[in-house]
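All chains, full assembly: derive it from the sequences and hints.
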Amino acid sequence: MTMRRRDFLTTAAAGAATVPMWTGRARAQAKAVRIGYSLSATGPYAVGAGITQAPNYALWQEQVNAKGGLTIKGESAKRPVEFLAIDDRSEIETAVRFYEKLAADDKVDLMLPPWGSAMNFAIAPVASKHGYPLIGPTAISAKFKELAIPYFYTLLVQPEPQMKAFGAYLKDLKAQGKAGKVAVAYVNDLFGIELNAATGPALKEAGLEVVDTKSYPLGVKDLSPILKGFKAAGADTFIGLTYPPDNILVTTQAKEVDWNPPVFITAVGTAFPFYRDRFKGAEGVTGIAGWNPKVKHPGAREYYDAHVKKHQKEPDRWASAFAYASLQILERCVADVGLDRPKIKATLDATEFQTVAGPIKFVKGENVATPGMVGQWQKGEFELVWPRSAATGSPVVPKPAWA
Amino acid sequence: MAGRLARRAGLAALAAALLLAPVLGLSSYHRALALAILADVTLAVGWAMFSGPSRYLSLATGAFFGLGAYASALTIARAAWPLPVLAGAAMAAGLALVVGLLALRLRGPYFAVFTFGLAELVKHALIWYETSVTGTVGRLILAPPGPVALYYTVLGVAGAAVGTAAALRRSRWGLALIGIGADEERAETLGIDTVRIKIGVFALSAAFLGAVGAAMAPRWTYLDPQVLSPVVSFQTVIMALVGGAATLWGPVLGAVFLGLAGEILLVKFRYLYLVGLGLSLMVVVLLLPNGLAGLARRRG
Amino acid sequence: MTGTLLADIVIGGLTTGGVYALVALGLNLQYGLMRVLNVAHGEFLMLGAYGTFTLHTAWGMPPLLTLLITTPAAFAAGVALHRLLYAPVLASGEAGGLEARSLLLSFGLLFVLQNGALLLWSADLRGYSYLATPVRLFGTVFPANRMVAAAVALVLSVAFYVYLRRSLAGKAVRALMQEPDGARLIGIDVPRLHARCFGAGVAMSAATGSLVSMLFELTPFMGLPYTVTALVVVILGGLGNVLGSLVGALLLGLVETAAVYVAASDIRVIASYAVLSLILILRPAGLFGR
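So the protein sequences, as listed, match chains W, F and Y. Quick note: the first sequence, position 67, residue 67 per our numbering, numbers continuous. Count along the second sequence from 1, then add 1000; that gives the number in our numbering. Count along the third sequence from 1, then add 2000; that gives the number in our numbering.
Don't read these hints as lab results, they were simulated from the structure.
In silico DSSO-like cross-links for lysine-lysine, where the CA-CA straight-line distance does not exceed 30 Å:
{"#": "1", "chain 1": "W", "residue 1": "K313", "chain 2": "F", "residue 2": "K1268"}
{"#": "2", "chain 1": "W", "residue 1": "K129", "chain 2": "F", "residue 2": "K1268"}
{"#": "3", "chain 1": "W", "residue 1": "K364", "chain 2": "W", "residue 2": "K343"}
The structure displayed is predicted, hence computed values, not measured ones.
Structural data, given as structure tokens:
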């Protein structure tokens, strides 16, 4: 019995050791363009990754390969896109190691970023060290500027400009007599804290009174104490610097404590279709916005339709389109200058790109072409209600009663 | 006699390979993998140093590891490397002394549960302090040491952990600890200062767990209190128990085996990896009561 | 302290504590009896929640009614799991290694259940609204669903407690908890009782999950915080002591709610740990422990 078990273990070990050899064998036909990344399929980051990045990466690959592959400057034939990807299990160390493997071992042609600021903090230096440009659609933090990583680019509007946009939006409402006393609840992790730090000055500049500010921890199970306090303080505007699942909890509990302020803002997760469906339309709820299928950017509607067709689910109304845009940008760079990565970086620094999410222009690694936007669910669509120049609808204030 | 010589030679060869690995032209990925496995070894050996002989099942590893990592991020801008590693060790040991005074009065499951919540407690306390006092949360490491320096740091910590564990096993404290694990009341009646020994070794073990956390922190660039996680506690216990917590080399075996197998399977079986791990754990428990070390011993 | 604040804290605390009581009771049964540190306890809660979610959203079954399906199914699964996994470990091995091995086994179970759920339902957040309406009491407002969930949980917990005290089977369980060897001597079929108690523990966890699904979003990773709370309550009340778990759960709920109202949400975990530490300093075997 012991002998057999030992043989089994030895054979298994030997077999396992040869696995890397099988996967390394290249395909005989047109040599694929190998793009590496890790996304969280398990663990706390899996929710966001599965909504915002994973579907877009898959959609783009399918579309490119259906056309015959990527057009590469200096090469006559198109080459198909092959992904080298793992589930990083929301573990930073796993992701860091995998990106080192992609760069040093697999020597992939290009890389895509993982989900979330924490992951991007960790792998951006690794990718940059090896000279791989990364365009991050889910990296938001003032600290990226501090890090100043040469090959890393953020797409989304960062905390300060985003909260300034909310400030301007509320200032406009205040002028119409529809808002004035704000209560803020924020999650006490980096994202919530940075947004809150930007909210204070933005509201002050807009001339709004903050009647109360409360923080809460990740994984909170009861926000009704906070909401009851806000209601008692007479706030007419609620700003929840939250993300799923707390944005869902706070929305449910606002109804449960019988509080329906004229302006109800939950920052992140509001732009997701499942939020709308969860709250029977979520009529009048406001949040951070970036996109909807009605915007006039080239290919926006087609992108929406393709996403729904392939995944049987809608893209979210914020970062999804930017994730797709990041791939469009990469595709454009490769078509313009080929797979030479320093040249791609030079192109990223110098070009204004036209994407489904609008114009994108990077200055010192930050996208400055996209304004901070505010969206509101109206009749099943997340209308862009601020700034007026980018709006697809007008704000509905006061918010209708909870469904 | 020949067996002991062969074992010593084998150990020397292994040590040489580990020391020379970065120089031998190993790719940066393989070096990173080796570093990660060395870190796992430190965790498993550090944990088993106390929990193995004493039978006090500590689930506080995540708290010590995370605190060490956070301490590293706090001090790295002001202190030359590898001083942050010492800071991590010191902070973790400090926490262990404080917690140990209360926790080590508890027996068996009470101790395990109390330590289980420690990672969450320290995390929330840290967040509360940071948001109230410093107004921010998390720390950026702007100028981390190079990968080779990190590799040798972790190698050093791992070597120190194994060496300390070996020395402890043969020392009076180590033997006393085994006695405590076997029958604590009897040990007391025999005149052993059980409180001092338990807390002392608990803090020693925590120092290594904190040190390795501090050493790994620069790899992640941004350190958030979320780095204090009970998952690390689980993973460490699993590595040590799979390898066999009662021996010196059991935890090493467990860490290496699970680390390598995990890395190979991660690329191959994206979604089934964790289910596979879970099933293997159950199989191991049912078929190998003394872990991998027990299997090795039975053969030899 | 105003009247409404007191009402908020007391009713809120009892509501929270009621749910804690049921999940803790299940764990206490397993640990108290078999020294099985089942870290996968919360995963059965998660499965119960998904079960109710599926039955409610796909077939429109009222969540409370789904308890009639999820609870017996969980009981049967628990009995089977015990026979398959824990009984062999309990039978072999020395007492010292038992805790470690059952811990490893539970970890394995945790990975399998969590990731099985992930494969089945994906990581997408799922949830539904049920009875999310305000109820006015004592000058303040409470959500109907939380009160219903807590009420059902408390009823089940108290019913089980009464069953333990009054019924013959209950007496056998208590005998087993207090004096394992003596119980064997007087002819109690220990392995069978172990299996059924384990099953009952799993059933209680799943029932809590069914109730909790009315209140929170579901993810495959929702179980662990409940495991932690259950462990804290069990230790707080005293291992193996059912009344201790009931009292401990309500106490913990009250303390946490008070802390959140009086201070800040951030210190909920700190407050519960402070209570645990305080009790353990004064009584190292828990409130009612021996």
